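J.: Sequence:
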Amino acid sequence: MQAQQLNVRTITREGDPILGAGPGEFSRGEGYGEINDQGDVAFVGAAGPPVGNANVFVYVCDRLDGMRIVAAQGDGSSGGPSTDYLAFDPRILPNGKLTMSVRYGDTPFPYSGVSLLTEENGSLTTLFDGPYEDPFGVGATSTSSFGISAMSPSSDVVMTPSWYIEPDRTYALAFGGTTAPLDVILTSNDPYPVPGRDGLQAGNPIAPVINAQNQIALVMGTALVVREPDGTYRELAYRGEPAPFVDPAAVWDSSFDNPSINNAGQVAWSGQVKISSTDRRQGIFIGDPVIGTVFAVQQGDQAPGCPAGQTFNSLGRPLINRLGQVAFWGSVTGSGVDSSNNLGIWVVSPDGDSWLVARKGDQAPGTPAGVTIAAFDDIRDDFYINFNGVGQVVFGATLAGPGVDSTNVRALFMTDRNRTLRLVARQGDLFDIDDSPDKEDLREIGFRSISPRDWMYTYSGGEDGLRRILNDAGELVITLEYADAAGTSTFAESGLFVVSFADCVLADVNGDGLTTPADFSAWVAAFNSMTPMCDQNNDGLCTPADFSAWVTNFNADCH
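Under the numbering used here, the first residue of the sequence shown carries the number 518, and numbering increases by one thereafter.
You may find that some hints are simply not true.
No more than 16 Å apart at the CA atoms, straight line, and that leaves these computed lysine to aspartate or glutamate pairs for EDC-like [said to hold, decoys possible]:
#, residue 1, residue 2
1, K877, D894
2, K791, E758
3, K791, D805
4, K791, D764
5, K877, D855
Just the calculated beta-carbon pair ranges, DEER-fashion [stated by the list, open to error]:
#, residue 1, residue 2, range
6, R797, P712, 25 to 33 Å
7, L581, T1005, 18 to 26 Å
8, T749, P954, 52 to 60 Å
9, A697, P806, 20 to 28 Å
10, A1003, K956, 15 to 23 Å
11, R939, G716, 48 to 56 Å
Quick caveat, the hints were computed from the structure, so don't treat them as lab data.
For clarity, every value in this text was computed on a predicted model and none was experimentally measured.
Think of the CB as a built atom: it goes at the ideal place given N, C-alpha and C, for glycine as much as any other residue.
Just need the whole structure built from these sequences, with the hints factored in.
T.: Here is the structure:
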């Protein structure tokens, strides 16, 4: 077992006194933490000893001002029939405020209503409040997942389109928030909203993502579109229409994978094109509002970082970051490829800047020689990757090789700013749960900590409105389960932590991969907004002393 060299910020741990809980103490994370670029963290926690469900709280840990309670079960829901509610899915905004879903009712199941609340000026404002079974009064009979699908920094909300209207099971998508009432904007029976396709229906609206400009990218039946803030729609792809591809005969075919969007309005997705009745190929595409749609990589291309002749065989869900880089998982084929090394994670961009992040069968960094990445964590055959605005990628994996058994098989990896893959945590390793510089409390990490279901049940490219666990400063928020102080059980306790690599703080503040005078302006902006990248001396504060530290880092070319 080994302790990793990480910067660790302890948010809360089981056994710690917890704000607002009286004599109780933090029990377990009832959900996943989310982090913004300022380093603020939102999470749901519970205090013990438990009394029914009345011990659930929603918290924000502000990087500068510390912990505060935003909501507690039993506070009541505006407009609801009951004074008892359960808040879940808190989403933190750049200004440190947050939006959350609320289910309320006299008993936990079934819930009699659902609300969306946002915190403004220290109080909760109801964005939407309606009955659970028919939230918009349009005859809906199912709301199997009525929650926040994606949320823009303006706190406008895209609702998960998982409820339907009988008798024809019409799916609907709702949108709104602080700038507009939350209401249905599209159902599958509506006319297709792009001009020139008269007589067509919209089709089921699925997989919505939203950027800071409130541009919404979504799949709509046989099309992929962007809804602009003025309510008009821009079509990126439609089945049967010409597709931008190497072969000019290519047309869009089949369905489109979940899209990802950035604040520049660029959209990435994977889709299939048809060359002929016997020639169908998969590609990853980028829809740019200025230059149109281009393909970033296609099935059959040489895979970056792999021996010549090893080409892409399949391409998974892509994520696009603020630089227009696209991270995705895929499989390869060719000489020397078998089931032990056929999967990997890559980053590509249309300008040719591409690299291999990790490949099945590779030596696992931070582990003894011969220990390899045996599989990537996945659920329903999809890898859970998180990607930030400076090109860092985080993912979970299982290991194989000498000394690997059920007690140390899972691990969590992340690339640094130099694109080097590094170990964050491994089951069975020691982790310092106390972030005090003069105290060390090493605990063995348990199995369920390093699993997508427990720490990373999310995707995000950073600007798509999806839950973020990795910010642009390279800070990763994770929930860990670890042994008690006596070491008798690795499942005994848990805590929420923010970790980053214990390197020199980067002088490359603007994240362009270079250390230039432009980073000084970026540092000033970071200082004025008190974002983590201003902290160049790594003391946890943003002060004028960090300017001198930035100069030192700049002179050392520390990036």
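J.: Could you run down the list of hints and mark each one as holding or not?
T.: Here is how each hint holds up against the structure:
In summary, the hint linking K877 to D894 is supported, as the alpha carbons are separated by about 11 Å, within the 16 Å threshold. Taken as a hint, the K791 and E758 pair is honoured in the structure, with Cα atoms around 10 Å apart against an allowance of 16 Å. In summary, the hint linking K791 to D805 is not supported, as the alpha carbons are separated by about 22 Å, beyond the 16 Å threshold. The straight-line distance between the Cα atoms of K791 and D764 is roughly 10 Å, inside the 16 Å bound, and the hint therefore holds.
For the proposed pair K877 and D855, the alpha carbon gap of about 10 Å is at most 16 Å, so the pair holds. Against the hinted window of 25 to 33 Å, the Cβ-Cβ separation of R797 and P712 comes to about 29 Å, which satisfies the hint. Remark: the range hint 18 to 26 Å for L581 to T1005 is contradicted by a beta-carbon distance near 38 Å. Restraint check, T749 to P954: a C-beta distance of roughly 55 Å satisfies the suggested window 52 to 60 Å.
At roughly 22 Å, the beta carbons of A697 and P806 sit within the given window of 20 to 28 Å. Here the CB-CB span from A1003 to K956 is close to 18 Å, well matched to the stated 15 to 23 Å. Restraint check, R939 to G716: a C-beta distance of roughly 55 Å satisfies the suggested window 48 to 56 Å.
Against the hints set out earlier in the document, violations occur for numbers 3 and 7.
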